[in-house]
Amino acid sequence: MSISTSYAEAIHAVASAEGDVARTRNELLAFAQALQQNDQLRSTLANALLPADTRNQIVDDLLSGKASDVTRAIIGLVVNAGRGRDLDEIINEFAVRAATSSGKRLAFVRTAVPLTPEQEKRLAAALAQQAGGPVELQTEIDPSVVGGVVTTLGDNVIDGTIRSRINKMREAL
Amino acid sequence: MLLPIFAAEGPNGGQLPADINEVYWGSLAFFVIVGILVWKAGPAVVKAMEGRTDRIQREFDEAMLARTEAEAVLAATSDGAPDVSAESNRIAEEAAQTATRLRVDTAARARAEAEAMKERATLDIQNQTRQALADLREEISSLTKSATEALVAAQLDANSQSGLIDSYISSLETTGSQGR
Numbered sequence: 001m002s003i004s005t006s007y008a009e010a011i012h013a014v015a016s017a018e019g020d021v022a023r024t025r026n027e028l029l030a031f032a033q034a035l036q037q038n039d040q041l042r043s044t045l046a047n048a049l050l051p052a053d054t055r056n057q058i059v060d061d062l063l064s065g066k067a068s069d070v071t072r073a074i075i076g077l078v079v080n081a082g083r084g085r086d087l088d089e090i091i092n093e094f095a096v097r098a099a100t101s102s103g104k105r106l107a108f109v110r111t112a113v114p115l116t117p118e119q120e121k122r123l124a125a126a127l128a129q130q131a132g133g134p135v136e137l138q139t140e141i142d143p144s145v146v147g148g149v150v151t152t153l154g155d156n157v158i159d160g161t162i163r164s165r166i167n168k169m170r171e172a173l
Numbered sequence: 001m002l003l004p005i006f007a008a009e010g011p012n013g014g015q016l017p018a019d020i021n022e023v024y025w026g027s028l029a030f031f032v033i034v035g036i037l038v039w040k041a042g043p044a045v046v047k048a049m050e051g052r053t054d055r056i057q058r059e060f061d062e063a064m065l066a067r068t069e070a071e072a073v074l075a076a077t078s079d080g081a082p083d084v085s086a087e088s089n090r091i092a093e094e095a096a097q098t099a100t101r102l103r104v105d106t107a108a109r110a111r112a113e114a115e116a117m118k119e120r121a122t123l124d125i126q127n128q129t130r131q132a133l134a135d136l137r138e139e140i141s142s143l144t145k146s147a148t149e150a151l152v153a154a155q156l157d158a159n160s161q162s163g164l165i166d167s168y169i170s171s172l173e174t175t176g177s178q179g180r
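Taken in sequence, the protein lines are chains A and B.
Under my numbering, the residues of the first sequence are numbered 1 to 173, in order.
Under my numbering, the residues of the second sequence are numbered 1 to 180, in order.
I should point out that these hints are in silico values taken from the structure, not numbers from a laboratory.
The model shown is predicted, which means the values in this text are computed figures rather than measured ones.
Where is the CB? At the ideal position from N, CA and C, for every residue including glycine.
There may be inaccurate statements among the hints.
What the hints assert, rightly or not - Selected chain B positions facing chain A (in silico; Cβ < 10 Å):
| # | residue |
| --- | --- |
| 1 | Gly35 |
| 2 | Leu37 |
| 3 | Lys40 |
| 4 | Thr122 |
| 5 | Gln126 |
| 6 | Asn127 |
| 7 | Gln128 |
| 8 | Asp135 |
| 9 | Arg137 |
| 10 | Ser142 |
| 11 | Glu149 |
| 12 | Val152 |
| 13 | Asp166 |
| 14 | Ile169 |
| 15 | Leu172 |
Stated by the list, open to error - Ranges of calculated distance between the beta carbons of each label pair, as one might list FRET restraints:
| # | chain 1 | residue 1 | chain 2 | residue 2 | range |
| --- | --- | --- | --- | --- | --- |
| 16 | A | Thr5 | B | Thr129 | 46 to 52 Å |
| 17 | A | Ala48 | B | Leu143 | 36 to 42 Å |
| 18 | A | Ile3 | B | Ala132 | 43 to 49 Å |
| 19 | B | Asp157 | A | Ser102 | 34 to 40 Å |
| 20 | B | Gly163 | A | Thr54 | 31 to 37 Å |
| 21 | A | Val14 | B | Leu133 | 55 to 61 Å |
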């Protein structure tokens, strides 16, 4: 069992005990997206040379009034433990675990533009057909994909982005 | 000197002892002792003399042999003296041949090394050319990719983006329904 899995299990246990797994998961995933879009924030939270209080203060300032106390406490715990670098991986593990505990599988979907509700519904249904069970989508807007969609469902990556087609063209060149 | 003899003159007025029988017995004893000595020690003395004679003869023979050998060596040395120049010529000739062979070998080795260096240089040039072409190709493809991405991104409006997503979902739906 990896460190990330251990932390994810612990976070899931805390969120379950607090009785609001879904909200905690959404807030944590939103924070993970913010981390992915902000390298400076990621490196600051991963910087072991910074005092733990300073890092905690940054987390509090960022999430104050925007996330629950449970979410803030969880992020503070991981950052204080010196696992700031693994935070997004831990959050993704937790999200997968949370979805699994509710009988669903979690699919990470990246697009250049937001999906419409209708597209989300169709995509979830299509992925459910592939997975053989209900699938929950975790969407992320990523302009680097240029166009199209890339979906990660467990170990399976279904890449239908313009970027991947351009990469293939580049390899052909 | 004769005084002691005359002084020893016996009572009979002569030089002999007074009792002539002493002369007889003394003489007899003398001859007996001489006979015994000749009889017993004679052969050993003769044998010793013969041994000494043999040893001297042997040493003499050895000396003669050494002399003969020395004369033979001297004769050979004297006879060999004229061959020194021939040997010298032979050595000089061999040296000349060796020098020639070495010169040929060195020249051949130098030619081979020059060929090898030339081959290596050619290979290096080819590799560098290949690497330069690969780098150029990589650079061109990278630029092409960036340009293409920028061009496509500029061309993609909201409808196109939505169309791409719909197309992706449709392909998933088709795959899912075929998999059933």
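Do the hints match the structure? See the list:
A least Cβ separation of about 133 Å between B/Gly35 and chain A goes past the 10 Å threshold, and the interface hint is therefore violated. Evaluation of the B/Leu37 hint against chain A yields a violated restraint, the C-beta minimum of about 127 Å exceeding 10 Å. This hint is violated: B/Lys40 has a C-beta 123 Å from the nearest C-beta of chain A, more than the 10 Å allowed. Interface restraint check for B/Thr122: the shortest CB-CB distance to chain A comes to about 29 Å, outside 10 Å, so the restraint is violated.
Using the Cβ-Cβ criterion of 10 Å, the hint placing B/Gln126 at the interface with chain A is not satisfied: the shortest such distance is roughly 22 Å. Against a cut-off of 10 Å between C-beta atoms, the interface hint on B/Asn127 is violated, since the closest Cβ of chain A lies about 22 Å away. Because the closest C-beta pair between B/Gln128 and chain A is about 22 Å apart, greater than 10 Å, the hint is violated. Contact between B/Asp135 and chain A, as hinted, is not supported at the beta carbon level, the nearest pair being about 14 Å apart and thus beyond 10 Å.
Look at B/Arg137: its Cβ gets to within about 7 Å of chain A, closer than 10 Å, so that hint holds up. The beta carbon of B/Ser142 is positioned within 10 Å of a beta carbon in chain A (closest approach about 7 Å), and the interface hint is therefore held. With a least beta-carbon distance of about 6 Å to chain A, the hint placing B/Glu149 at the interface is held under the 10 Å criterion. For the restraint placing B/Val152 at the interface with chain A, the shortest Cβ-Cβ distance is roughly 6 Å, inside the 10 Å limit, so the hint holds.
With 10 Å as the threshold, the beta carbon of B/Asp166 comes within range of chain A, its nearest partner Cβ sitting at about 7 Å, so the hint holds. Because the beta carbon of B/Ile169 sits about 5 Å from the nearest beta carbon in chain A, less than 10 Å, this interface hint is met. Given the 10 Å rule on beta carbons, the hint for B/Leu172 holds: about 4 Å separates it from the nearest Cβ of chain A. The supplied range of 46 to 52 Å is met by A/Thr5 and B/Thr129, whose beta-carbon atoms lie about 51 Å from each other.
Look at A/Ala48 against B/Leu143: about 40 Å separates their beta carbons, and that is inside 36 to 42 Å. At about 45 Å, the CB distance of A/Ile3 to B/Ala132 agrees with the hint of 43 to 49 Å. Here the CB-CB span from B/Asp157 to A/Ser102 is close to 38 Å, well matched to the stated 34 to 40 Å. At roughly 48 Å, the beta carbons of B/Gly163 and A/Thr54 sit outside the given window of 31 to 37 Å.
Look at A/Val14 against B/Leu133: about 58 Å separates their beta carbons, and that is inside 55 to 61 Å.
When held up to the earlier numbered hints, the structure conflicts with 1, 2, 3, 4, 5, 6, 7, 8, 20 and fits the remainder.
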